[in-house]
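Asks: Just so you know, the protein sequences line up as chains A and B, in that order. Residue 210 in the working numbering sits at position 210 of the first sequence; the count goes up by one each step and never skips. With the second sequence counted from 1, adding 1000 to any position gets you the working numbering.
Careful: at least some of the hints might be erroneous.
[Claimed, not checked] If you want a taste of the chain A side facing chain B, the calculated C-beta under 7 Å gives, among others: (1) Leu55; (2) Lys66; (3) Phe88; (4) Ala94; (5) Met106; (6) Pro108; (7) Ile111; (8) Lys119; (9) Leu129; (10) Cys219.
[To be verified] Only pairs whose alpha carbons sit at most 30 Å apart, straight line, appear in this in silico DSSO-like list of lysine-lysine: (11) A:Lys66 with B:Lys1185; (12) A:Lys113 with B:Lys1200; (13) B:Lys1311 with A:Lys122; (14) B:Lys1200 with A:Lys77; (15) A:Lys116 with A:Lys77; (16) A:Lys187 with A:Lys212; (17) A:Lys212 with A:Lys186; (18) A:Lys116 with B:Lys1185; (19) A:Lys4 with B:Lys1323; (20) B:Lys1185 with B:Lys1200; (21) B:Lys1044 with B:Lys1200; (22) A:Lys113 with B:Lys1185; (23) A:Lys66 with A:Lys77; (24) A:Lys128 with B:Lys1200.
No lab work stands behind these hints: they were computed from the structure. Using N, Cα and C, we set each Cβ at its ideal position, and we do this for glycine too.
So you can see what is in the structure, the chains are spelled out below.
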Amino acid sequence: MILKTNNLCKQYQHKDGLVDALNHVSFEVNEGDFVTITGASGSGKTTLLLSLAGLIHATSGEIRIKDFDVVNASDRKLSDFRRKHIGFVMQSFALIPYLTAIENVMLPLAISKFKKEQKYQKALALLKLVDLENRKNHLPSELSAGQQQRVAIARALVNSPTLILADEPTGNLDPSLSTDILNLLKKINKEEKITILMVTHSPLAAEFGNRKINLHNGCIN
Amino acid sequence: MNIRKLVWLEFKQHKSQLISGLLAITLGIAVIVGIRSISVVSEKAVAVNLDNLGANILVLPQASNVDNYYAADIDAPTMPEEYVDRIVSSNLEGVDNLSPKLTRRVKVGTENVVLTGILPKNEITSKPMWQQSGLLGNDLKASCAPSNAVNQSNGYEDEKLQRKVIDSLGADECLLGSTISRKLKLVDGSSVIILGETFKVSRVLNETGTVDDDRIFIHLHKAQELLKIPNQVSAIEIMGCCNAISDGLLSKLRNVLPDTRITTIGQIVATQIQTNKMMNKVSLIFLIIIIFVGGISIGNFMWANINERRKEIGMLRMIGFNKATIYQMILAKAFVLGIIGGIIGYILGTAAGVWLGPELAGLPVQPIPSLILISLCISIGVSLLGSILPAYLAGRIDPFKNMQEV
């Protein structure tokens, strides 16, 4: 088991009162799983993903990733943990516009102790993996949406993470590009043995996982 | 890829923003450097001019009256001539020239005159100790004045200076002030009987408008002999560097000669101090302005830049950059801004000083290399200071902003 949540709750303060975004969510993920988290808008799936990464603090409950206590960790420890163990793939790609593809991929290594050449070779290998080696010196604006997402996936892999958290990775892509990206994630999951948790509200995308978690009003269905 | 490269690439990306961010700090530094370049030359010129006014420190016996600086030595009590050696051997900085005097009122014919015994230069230089000190062996010049290039007054037009550089004065020779020479109807080469001894008028001095015009100068040792006051002097005139006087030369002299009265021309020192203070105040005012305006300007630029990069910073936080790394990135940028602002400000300020110096101060202004360090320190300091709050706020940006687009 790589990830475990136990009675995870998250409440937001709203002017009309408290809102339960997550309500006693408990589940486990095993190493090598490709879990898709589905649910309607407002069901709490993004809140769950953010909580798992320690990007928002859970109101109560427990999250453990590889025995690391996410809920009670300090900001600094959480940052270190994310850098070493979690890769992120976002709907909007979140690439830095003034960095080339290979520089974007190397970004998480900026504060690592790898040598310059090692960083470069690592990033280049990942660009090869996502079939963008020939675009390594292109800026994001010079790449298509699908290519940008593949650069983002390469960046998520550069620290050899234990877990990839993907938030609607195909949300900005047309259906054929979506399939490419989902296939790429599937390939990474199978070949690199990296556990993936993917939030989506696309039933098609949800089929790519080997396990589904459906959220409804902050509870697991 | 490392933090330095990331900061550099971001810099290159926002070159135009950089110019507006740098404007206030660069101009501020330029103004400080410009003022300082001119004021340093101006202070030197004032110091030289004041030093060239002549002796400005008077050492008198304790019981002397110092109401009138220029006449304080007349009929004053006496003190040992050996005090001159004490001053010389103390090696005090800023003591340029020493002139021991013995002064008494005497009758010459029917006229009351002031007789002053002075030491000519050839006797001063013959004293080994004085030669070692380097005080009086060479031509009189305001050696404490910071720049000889600025010192235009080595021609000794001033009569008081002339008196101090009298090369030789024989035991039977005298110099006459212009007023007394007219009263006694004496000219160069005339003879005059003083206290029963005949003296040849070596030279009639030009008019100075001071009590010196009424004086007759003879050799100090002759005066001591005639007045029957051996090895005693009534005053020691010192040409003290005005800057040194401002810096406490008088109290140092008092330590060397505790049983004397040491006085100076108050206005001279006051003028020097006032000039220095005014220049320093102007620089200080600009320094305060630059700290406020430059700091606010840099802070504003940084905050605008951070706001524009909120998603980018949020993403960096998300992939594992901790707060300290974000602070480091922002402050590294501020540091580079400070360096650029300091260098450009120094160049602009120096150019303005060199160009405007002759117009404003009537003096040629040279670049002052040491100001580059001060410029850099101020510029980097202001830039870092102005960026502290934006850096702190950047560290607080929510890392999950990029993921809230569902």
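Asks: Hint by hint, note whether the structure agrees.
Replies: Going down the list of hints, with the structure as the test:
no.	hint	result
1	Leu55	holds, 4 Å
2	Lys66	violated, 15 Å
3	Phe88	holds, 6 Å
4	Ala94	holds, 4 Å
5	Met106	holds, 4 Å
6	Pro108	holds, 5 Å
7	Ile111	holds, 6 Å
8	Lys119	holds, 6 Å
9	Leu129	violated, 18 Å
10	Cys219	violated, 18 Å
11	A:Lys66 with B:Lys1185	violated, 115 Å
12	A:Lys113 with B:Lys1200	violated, 93 Å
13	B:Lys1311 with A:Lys122	holds, 26 Å
14	B:Lys1200 with A:Lys77	violated, 99 Å
15	A:Lys116 with A:Lys77	holds, 25 Å
16	A:Lys187 with A:Lys212	holds, 18 Å
17	A:Lys212 with A:Lys186	holds, 14 Å
18	A:Lys116 with B:Lys1185	violated, 96 Å
19	A:Lys4 with B:Lys1323	holds, 27 Å
20	B:Lys1185 with B:Lys1200	holds, 14 Å
21	B:Lys1044 with B:Lys1200	violated, 42 Å
22	A:Lys113 with B:Lys1185	violated, 97 Å
23	A:Lys66 with A:Lys77	holds, 14 Å
24	A:Lys128 with B:Lys1200	violated, 109 Å
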